[in-house]
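Participant: The lines below spell out each chain.
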Amino acid sequence: MKFKQSLTGWLFMVPFLLVVLAFLVAPLGYAFYLSTQADTLVGGQSFVWLANYATSLTDPVFIEGVKRVLIFGIIQIPIMLFISTTSALVIDALNTRLSRIFRLIAFMPYAVPGVVAALMWGFLYSKSFGPFVGIAGHLGVKDLNFYSLRMFIYSISNIITWAWTGYNMIIIYSALQGLSREVYEAAVVDGASQVQIAIRVKLPAVKNAILLTGLFAIIGTMQLFTEPNILRRYTNAVSMGYTPNIYSFNLAFAQSQFNYAAAVSFTLALVVFVLTYIFMSVSRRKAKSQ
Amino acid sequence: MSNSNVKTRKSGYLATKSYTANTLMIVAIGYFMIPIVWVIVNSTKDNQDLISTFSLWFPKKWHLVQNLHGLLTQDGGLFAVWMRNTAIYSISSALGATLISSMAGYALARFAFRGAKLLESFILGLVMVPATALVMPMYLLFSKVNVVNTPWAVILPSMMSPFGAFLIKVYVAESIPEEILQAARIDRAGEFRIYWQIVLPMLKPALVTVFLFSLVASWNNYFLPLVMLSDNKLYPLTVGLTSWFEQASQEGANSLLFNLVIAGSLIAIIPLILSFLFLQRYWRGGINAGSVK
Amino acid sequence: MIKSTKRIAGFSALALGIILSTTGISAVTQASAAPVHIKVWAWYPNMKEVVDIFNASHSDVQVDWTNAGAGGAEYTKLKTCIKAKKGCPDVAMIEFQTLPTFAILKPFVDMGKYGASNKDGRYAAWAWAQSTQGTQVNAIPVDGGPMAMLYRKDLFAANNIKVPTTWAEYATAAAAIKKVNPDQFIGTYGNDPGWVTGLMWQGGCFPYKYNMTVSAANLGIKLNQASCKKVLSYWGDLVTSKAVDDKSFWATDTGKGYDTDKYWTWVAAGWTPGYLTGQLTDKTLGKWAVAPTPQWTAGADAQGDWGGSSFTVINQTKQAALATKVAMELYPTQTKITKGSAWDIGLNSAFLYPLVTKVESNPEFANYSYKIFADQKVNPIYIHASQKLGAFQWTPIQDFIYSTLGDETTLAINGKAAWSSVLDTVQSKVVAYATKQGFKVSQ
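Chains as they are written, first to last, in this note's numbering: chain A, 6 to 295; chain B, 1422 to 1714; chain C, 8 to 450.
Just to be clear, a hint being listed does not mean it is correct.
As the list claims (entries may be wrong) - Within a straight-line C-alpha distance of at most 20 Å, the following computed EDC-like cross-link-like pairs (lysine to aspartate or glutamate) qualify: (1) A/K9 to B/D1496; (2) A/K9 to B/D1470; (3) A/K147 to C/D190; (4) C/K263 to A/D148; (5) C/K55 to B/E1612; (6) C/K93 to B/D1652; (7) C/K55 to B/D1470; (8) C/K263 to B/D1496; (9) C/K384 to C/E336; (10) C/K290 to B/D1496; (11) C/K290 to C/D268; (12) A/K147 to C/E336; (13) C/K436 to A/D148; (14) C/K447 to A/D148; (15) C/K90 to B/D1608; (16) C/K113 to A/D44; (17) C/K92 to A/D44; (18) A/K147 to C/D268; (19) C/K126 to C/E336; (20) B/K1481 to C/D289; (21) C/K443 to A/D64; (22) C/K55 to B/D1608; (23) C/K55 to C/D71; (24) C/K160 to C/D289; (25) B/K1482 to B/D1470.
These are computed hints drawn from the structure, not numbers from a lab.
Owing to the predicted nature of the structure, the values given are computational and were not obtained by experimental measurement.
Just need the whole structure built from these sequences, with the hints factored in.
Facilitator: Here you go:
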C-alpha cells in the first residue's frame, strides 16, 4: 500500500518533472558546463574549472552592477512593501466602495506587460510626450531630466513600484482576509483601536505573506533587466554593466562571451541565494526574539 | 492606557482615519491610473499631436479610428497576427501549466512519497537563476531538436510553474480532506479518476488562480520569445511592439510608429485587465489559500 | 570531466527530444521546389516593397524577408544561431562596424566565389574595403552615412552668425548662439559612439588596425593618439562650457528640440535628414540646409562617415550562389532610377545613402530636392563627402569599444571624469580586454 502510494505520487509528478528537467535542469546543466569553459575570440575553447567564477567575483563591472541593484533594492523594496502592507491593512479594515475600487486599480498594473509599462513610463518621463517635466517646470523645477545619470535609477524604481505594489498588496490582503475574525474580535473587546489591532494583531499574523512578497521583490530586483534595457535608447545612464543581468546579456549577445556570461549569471544566482537566505534567517530570528 | 481614554478618542479618530485613508487612496488611484489614462488619451492622437498637445488631454482632431486602422494594416496586418500569437501562446501554456502543476501539487499534498521535500527545495533553488542564463543554453538545446523559431519554443518552457504547484499543494492540503479520497478508493475508483472527477472540480479557485497567473507570466514574457523567434510573423505582442518602438525611435520619418506603439499598448493590456476583472471572485480565493501558509 | 559534462549536455538534449516528440512535435522538413527560397533578415525601412520588386522580377529565386529586429536585436539572434550552427537566415544585414565582430566567428560565405566583386568600381571604394578581407568578400555594401552639417539657415541669417566652415568657427558660433538665447544650443553631444567615431575619422584619427587574412590575432588599437584626443577634447570643452547640450540624440525630446529652435545644427550622416524629417513640423520643415562638415584646417577637405550597412551570406545556407545573387540584387546596380524601382524606394522612401556607385553618381540622385531643405539640392554635398572618404578599419571587439567609450564619456559629461582622460581610460580598458581575448595588441 505504501509503495503503491509512493508510486502513484511519482506518477502524478511525471509531467511536472519532465518539464522541469527539460526546461530548467537541462539548460542549467548545459549553462554550467558552458561556464566551466574559457572561450576567447582568438584561441578557442578550453576547460578551466571555475576560473570564470573567480574572474566574475573580482570583475569591477559585475561588482558595480551588483552594488547598484543592491542599493536599488535597499531603497525601493522597503518603500514598496510599506505601501503594500499599509494599503492591505487599510482595505482590509475599511471594505468601502472606494477601497474596493482602489484594490482593483492598484492591482491592475500587474496585468500590464513589463515591456509595455516601460514603454508607457518612457513616454511619460519625456518632456515632449509626458506631463511631468512640463508641470515641474511650472512649479519652478527647471530642467527636470528623468533620464540623467543621477535620476534614472529613481525613474526605474518608480516603474517597479508602480508595477508591483498592488500585486504585493493583494497577497498581503488575501492573507488578512484569511484570518479568522475571532482573533481580533477579542482585541476589539479589549478596547484596542483599529490601528492598534492592525499593528499588534493583524501584522504579526500575516508575517509570512509579507516575507513572501519581500522574497519575490529581492529576487526580482537582483534580476532587473527589462526596464533599463528598453529605455536605454533614451539615456546614457545604462552602461554596459548597469545591472548584473544586463551585463550578462551584453557579454553573451554583444561580445560573444557565452561562457563568461553563463558564469556571471550563476554568480548572480548565488548572490540572490545568499541574500534570500540572509533575509529569511534575519526575519525569522527577529520574529523569535519578539 | 485606560479604557475610557480610548473610548473618547475612538469616534473622532475613526472619522479622521477614514478621511486620511480616503484621501490617500484617491491619490494612489490617480498614481496607478496615470499611465493608463495617458495611453488612452494618447491613442487618440496622431504623431504631430503626440508631441505638440498637452499629454494628459484629448486632441482637437481625434485620430483614434485612424490609429486603430493603421495598427491593423501596418506591415500587412502584423499586429493582428501578434495578438493572435500572444493569445495562442499564453492560453496554451497557461492551460498546460495549470494541468501539470495541479497534478504535481496534488501529489505533493496527498501522497507522502520519498524525496518530496528535497524536490521542493531543489526546484525553489533553481528558480533563482535568472532567465538570461537559461535562454542561451535552452536555445542551443532547442536548436538540436529543431524547435527554435517555432511556437513550441515559447509555449513549452512556460508550462513550468513551480509556484503553481506549491499553490495547489497548499490548497489541496487545506480543502480536500483525506477522507473523501479514502472513500473513493474504497469504491475502487482509479487514482486518475479520483483526481479528474473529484479533486479537480474541488480545486476550481486554485486552478483559476494558477491559470491566470501563468497566463500573465507568458502574456508578458519578453526575453524568451525575443531570443527564440526570428520570424516576425511568430512574434507575440511584447516583442512585436518593442520592435516597432525601436523602429520608431531609430528611423524617424521613414516609419514614425509612435502612434501605433501607443494604440498597440492600449490594445495589448485590455484582455488581461478584463480577465482579471471578470474572474476576480475565483482568483482571490486562490491567492488566499496560497498566502496563508 | 569534459567528456562527462558533454554527456550530460547530450543527455539533456536527448531528454528534451523525447519530451518534444511525445508532445507531438516534429521537425518540419521542407520539400525543395523551384523557385528556391532565400531567407533574408534586414531592417531597412520600406523593405517589403523592395522585396516585392525583387520577387516579381525573379523566377528562379524568391526572397522570404523577415525584420528580425534593428541592430542589436538582430545581432542577438544572429549570434545565437551562429553558435547553434543552425537556424540562421541565408542573407543577413550587418552594419560595417560590426562586420569584423562577426567575421571572427567565421560565419560568412566568401561571395567572391559566387561572382561578387568590385569590378568597374561597382561599390564605393571605402565601403568595399570594409566588406572584404584580402580576397574574401564578406559583404555587399548597401547604404552609408557620409557626414555633413545640417543647420538652420534662417536662424543663422537672422542673427547674423556666420555658418561655420571650420571647427574653430563652429565653437565661435556656439558661443554666439548662447548670447542670442541661453536656452538654445548649436547642437547636442549625443554620446553616440558611432557618431563620435565618424567625427574622429574626419579629424584624421584612425585608431584601429586589423586584418584577419594576415593574422586573426594581431590587433592594433591606439585610441589615445593626438588626432583622436583632439576631437574628443574639442567636444569636451564645448560640453563643459555648456556651449553644446548633452542630451542623447535618440531621446524624443532631442528630436523635438530640432523643431523648436533649441538646436541649430547637427553634424550628421547622409541618412539623418530622413530621420530628422520625422521629428519636424511645418514650423521648421524647409528652413534647414546642408553644409560640408566643418574642417580642422581652413580650406581642407576631410570627411567622415557615421553608419552604413551591408548584406552578408551566412555559411549555413545551402544556396550560396543564389544567396549571393540576392545580396547583390535586392538593391541592384541601376543606371536609371525609375519610379517604383528598388533604389527609388531606397532613396525616396527609406532615405538610404547609396553605396552602389551607379546610383550614387546618377544625375537624378544629385538633383533630388527634399521638403526639409526647401530648394537646396543637398545630395552633391553628401556625394562629395562619400567620395572623399578614405579607408577606415574596425575591430572584432567593436561592441566592447563602443560600450566603454560611451560609458566613460557619460562619466565625463556628468563631471565624474576628465574629458582629457576619457580616451586614455578607454584605451587601457580595451587593451586589457583584447589581451584577455587572446589578441596580440599593438598600441
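Participant: Would you mind marking each hint as holding or not holding in the structure?
Facilitator: Evaluation of the provided hints:
1. Between A/K9 and B/D1496 the alpha-carbon distance is near 58 Å, which puts this suggested pair outside the 20 Å criterion.
2. Of the supplied pair hints, the one linking A/K9 and B/D1470 is violated, its CA atoms being roughly 70 Å apart against a limit of 20 Å.
3. With a CA separation close to 11 Å, the supplied pair A/K147 and C/D190 stays within the 20 Å bound.
4. With a CA separation close to 15 Å, the supplied pair C/K263 and A/D148 stays within the 20 Å bound.
5. At roughly 57 Å between alpha-carbon atoms, C/K55 and B/E1612 are farther apart than 20 Å, so this suggested pair is violated.
6. A threshold of 20 Å between alpha carbons decides the hint, and for C/K93 with B/D1652 the separation of about 15 Å falls inside it, so the pair holds.
7. Distance restraint check for C/K55 and B/D1470: the Cα-Cα separation of roughly 28 Å exceeds the 20 Å cut-off, and the hinted pair is therefore not satisfied.
8. Proximity of C/K263 to B/D1496 is assessed by CA-CA distance (about 26 Å); at most 20 Å being required, the pair is judged violated.
9. Proposed proximity of C/K384 and C/E336 is contradicted: the alpha carbons are some 28 Å apart, above 20 Å.
10. At most 20 Å may separate the alpha-carbon atoms for a hinted pair to count; C/K290 and B/D1496 exceed this at roughly 30 Å.
11. For the hint pairing C/K290 with C/D268, the CA-to-CA distance comes to about 10 Å; that is within 20 Å, so the pair holds.
12. Taken as a hint, the A/K147 and C/E336 pair is broken in the structure, with Cα atoms around 53 Å apart against an allowance of 20 Å.
13. Taking the CA atoms of C/K436 and A/D148, the gap is near 34 Å; set against the 20 Å cutoff, the hint is violated.
14. With a CA separation close to 47 Å, the supplied pair C/K447 and A/D148 exceeds the 20 Å bound.
15. The hinted pair formed by C/K90 and B/D1608 fails the criterion: a straight-line CA distance of about 57 Å is larger than 20 Å.
16. Between the alpha carbons of C/K113 and A/D44 the distance comes to roughly 15 Å, so the proposed pair stays at or under 20 Å and holds.
17. With a C-alpha separation of about 16 Å, the suggested pair C/K92 and A/D44 falls inside the 20 Å cut-off, and the hint holds.
18. Of the pairs offered as hints, the one joining A/K147 and C/D268 holds, with about 18 Å between alpha carbons and a cut-off of 20 Å not exceeded.
19. Simply put, C/K126 and C/E336 have alpha-carbon atoms about 15 Å apart, close enough for the 20 Å limit, and the pair holds.
20. Under the criterion of a C-alpha separation no larger than 20 Å, the hint pairing B/K1481 with C/D289 is consistent with the structure, at around 18 Å.
21. Of the supplied pair hints, the one linking C/K443 and A/D64 holds, its CA atoms being roughly 13 Å apart against a limit of 20 Å.
22. Note on C/K55 and B/D1608: the hinted pairing is violated, with a Cα-Cα distance of about 66 Å set against a maximum of 20 Å.
23. Proposed proximity of C/K55 and C/D71 is supported: the alpha carbons are some 10 Å apart, at most 20 Å.
24. For the proposed pair C/K160 and C/D289, the alpha carbon gap of about 15 Å is at most 20 Å, so the pair holds.
25. Restraint check for B/K1482 and B/D1470: satisfied, since their Cα atoms lie roughly 9 Å apart, inside the 20 Å limit.
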